[in-house]
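Can you build the whole structure from these sequences, using the hints too?
What follows is each chain in one-letter form.
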Amino acid sequence: MAFRFFPKTFNFFDLFEKQVSHAVDAACFFKEVVSRGYVSEEALSRMAAIEHQGDEVAHAIMDQLNKTFITPFDREDIYALAKQLDDVIDMINNILSRLRIYNITTVDKNLVEFTVVIEQSVRAVARAVGGLRNIKNVQVVFDACVEINRLENVGDSMRDRVLSELFANSQDPIAVIKWKDIYQDAETVLDVCEDVSHVVDSIMVKQA
Amino acid sequence: MAFRFFPKTFNFFDLFEKQVSHAVDAACFFKEVVSRGYVSEEALSRMAAIEHQGDEVAHAIMDQLNKTFITPFDREDIYALAKQLDDVIDMINNILSRLRIYNITTVDKNLVEFTVVIEQSVRAVARAVGGLRNIKNVQVVFDACVEINRLENVGDSMRDRVLSELFANSQDPIAVIKWKDIYQDAETVLDVCEDVSHVVDSIMVKQA
Amino acid sequence: MAFRFFPKTFNFFDLFEKQVSHAVDAACFFKEVVSRGYVSEEALSRMAAIEHQGDEVAHAIMDQLNKTFITPFDREDIYALAKQLDDVIDMINNILSRLRIYNITTVDKNLVEFTVVIEQSVRAVARAVGGLRNIKNVQVVFDACVEINRLENVGDSMRDRVLSELFANSQDPIAVIKWKDIYQDAETVLDVCEDVSHVVDSIMVKQA
Chain E
6 MAFRFFPKTF
16 NFFDLFEKQV
26 SHAVDAACFF
36 KEVVSRGYVS
46 EEALSRMAAI
56 EHQGDEVAHA
66 IMDQLNKTFI
76 TPFDREDIYA
86 LAKQLDDVID
96 MINNILSRLR
106 IYNITTVDKN
116 LVEFTVVIEQ
126 SVRAVARAVG
136 GLRNIKNVQV
146 VFDACVEINR
156 LENVGDSMRD
166 RVLSELFANS
176 QDPIAVIKWK
186 DIYQDAETVL
196 DVCEDVSHVV
206 DSIMVKQA
Chain C
6 MAFRFFPKTF
16 NFFDLFEKQV
26 SHAVDAACFF
36 KEVVSRGYVS
46 EEALSRMAAI
56 EHQGDEVAHA
66 IMDQLNKTFI
76 TPFDREDIYA
86 LAKQLDDVID
96 MINNILSRLR
106 IYNITTVDKN
116 LVEFTVVIEQ
126 SVRAVARAVG
136 GLRNIKNVQV
146 VFDACVEINR
156 LENVGDSMRD
166 RVLSELFANS
176 QDPIAVIKWK
186 DIYQDAETVL
196 DVCEDVSHVV
206 DSIMVKQA
Chain X
6 MAFRFFPKTF
16 NFFDLFEKQV
26 SHAVDAACFF
36 KEVVSRGYVS
46 EEALSRMAAI
56 EHQGDEVAHA
66 IMDQLNKTFI
76 TPFDREDIYA
86 LAKQLDDVID
96 MINNILSRLR
106 IYNITTVDKN
116 LVEFTVVIEQ
126 SVRAVARAVG
136 GLRNIKNVQV
146 VFDACVEINR
156 LENVGDSMRD
166 RVLSELFANS
176 QDPIAVIKWK
186 DIYQDAETVL
196 DVCEDVSHVV
206 DSIMVKQA
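Protein chains in written order, with the numbering used here: chain E, 6 to 213; chain C, 6 to 213; chain X, 6 to 213.
All the given hints hold, so there is nothing to weed out.
Identical chains blur together in the list; that is why a pair holds if it fits in one copy or across any two.
Listed below are the simulated EDC-like cross-link pairs for lysine to aspartate or glutamate, each with C-alpha atoms no more than 20 angstroms apart in a straight line:
#1 K23 <-> E56
#2 K88 <-> E22
#3 K88 <-> D196
#4 K72 <-> D206
#5 K211 <-> D68
#6 K72 <-> D19
#7 K88 <-> E199
#8 K141 <-> D19
#9 K88 <-> E56
#10 K211 <-> D82
#11 K72 <-> D82
#12 K23 <-> D60
#13 K23 <-> D92
#14 K88 <-> D206
Calculated from the structure, these hints are not laboratory results. Keep in mind it's a predicted model, so treat the numbers as computed, not measured.
Here it is, written out as structure tokens:
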């Protein structure tokens with residue numbers, strides 16, 4: 006019988022791929038709901054279910070981290086990765102809740118644009134995290150990280166532009182309060198994706 | 006003479022119990038002031054004094070951490086626990102300052118409700134932190150952590166409900182700005198309590 | 006040939022001094038722009054250039070940290086210091102962007118006052134970081150840290166005062182939204198400087 010450093014039942018790579026697939030689900034469903042312009046009770050429940058599934062994987066990763074002596078990469082990197090992927094899903098869930106709390110019932114073309122960029126970024130995060138399994142994927146991982154960073158810059162510019170427009174054009178202070186929060190949150194999702202890319206990048210550098 | 010790993014003068018458990026007792030003081034006094042609906046200069050000073058006492062214990066913990074080679078649990082957990090208990094007191098102090106800065110002079114039943122949940126959560130934090138002293142307290146600690154997590158969910162729902170009402174009913178944008186901040190801060194106290202419960206939980210798991 | 010623990014090419018002290026000099030540049034230029042009351046496209050570009058230079062030094066520090074086995078002080082302290090100095094520059098850059106996004110075109114005496122305190126604090130940060138090079142500088146470093154903490158308290162009081170005035174006097178909710186963000190950001194720069202002082206202080210204590 007071969008000695009296993011990482012027993013099958015303790016597979017961090019499988020867990021991270023599962024967690025990131027929930028993040029992709031969240032980003033896709035978010036885009037779908039925003040394109041309809043109305044957040045139903047059912048939509049909130051479905052997003053909460055995705056978030057709950059993500060949570061369970063995050064807990065499984067933390068549990069294994071506490072029980073495993075030898076890990077495929079640094080413990081603090083495993084912790085940071087699980088935490089940040091959880092944050093991505095939480096943030097997307099938060100924006101959906103906020104749209105409901107603020108009683109937003111129309112399609113906003115700026116937010117639609119954000120959801121497209123967010124989906125692209127989370128898909129790049131999935132490629133980056135999926136690539137961690139094998140050092141041979143180094144180019145795939147680095148390309149995905151570059152893409153995530155590019156999309157974060159795109160998001161920064163979008164936020165600055167839409168906030169400038171909001172303050173220049175809106176006469177309604179309550180609408181300004183609402184949309185300022187929503188656009189800011191949307192940009193923050195891209196920031197957290199960039200945090201993930203930094204951790205993934207640093208894991209790859211250490212293993213190289 | 007028996008050899009001591011943790012000399013009496015370097016007692017982390019005593020310090021943490023002292024720090025968490027200041028957090029309980031802050032939560033109780035906060036509830037009292039909010040139920041009166043007016044934040045006097047004297048109330049601000051008394052809360053600042055509690056916060057200052059908490060700060061001093063946090064500094065004492067950090068000092069000992071720098072001087073102590075063998076600690077009763079992981080250094081980073083000691084650091085996180087001291088930091089988060091400090092954050093609980095700081096956040097409560099911040100809300101009181103904000104009520105004064107925003108010139109709130111009436112009793113708000115939603116905020117009163119929050120102060121009750123915050124006091125319950127901080128008391129559960131005290132039970133969890135107090136239980137760390139002995140691995141035999143594992144059930145007390147876990148029960149307290151479950152309670153803290155339950156109260157964080159209660160707080161989430163409360164915040165969503167009161168913000169929905171605020172945006173649905175208020176015609177006054179300045180009032181919306183003020184109360185949105187205040188309710189958000191109140192919910193954040195419960196988030197930080199939940200952070201404490203995660204650290205305590207992870208300390209217990211590692212020692213089990 | 007003498008054995009070097011820290012080869013010349015891997016000099017963390019030089020890199021930190023370079024990074025902190027970009028923070029001083031950012032703070033000085035910020036003060037200058039705010040005193041003119043109008044943020045031109047050119048001013049934004051120049052601040053972005055300073056931020057970019059700071060970023061490059063931060064990356065160089067992280068690169069070296071990944072490659073260096075023996076470091077002059079704890080790895081996590083090097084990481085925290087580089088991250089926080091980066092945050093100082095980022096925050097100052099953010100405020101300038103915000104002034105442009107909010108289309109602020111007048112000199113605000115409160116913000117001018119903040120820029121003076123921020124410049125003083127960042128200069129004290131430069132003295133503290135510069136002093137790390139040699140344990141003989143312990144008094145210079147501690148004095149600088151005390152000064153940074155004093156200025157953070159000054160900033161707290163300023164923010165509380167100017168926000169009280171803003172809410173007491175302004176009839177314009179959009180103006181309240183804008184200036185609340187700006188003053189809050191200004192105070193946050195001083196908070197991050199205080200975070201730097203805590204890391205520097207803890208490095209000095211460990212080496213003493």
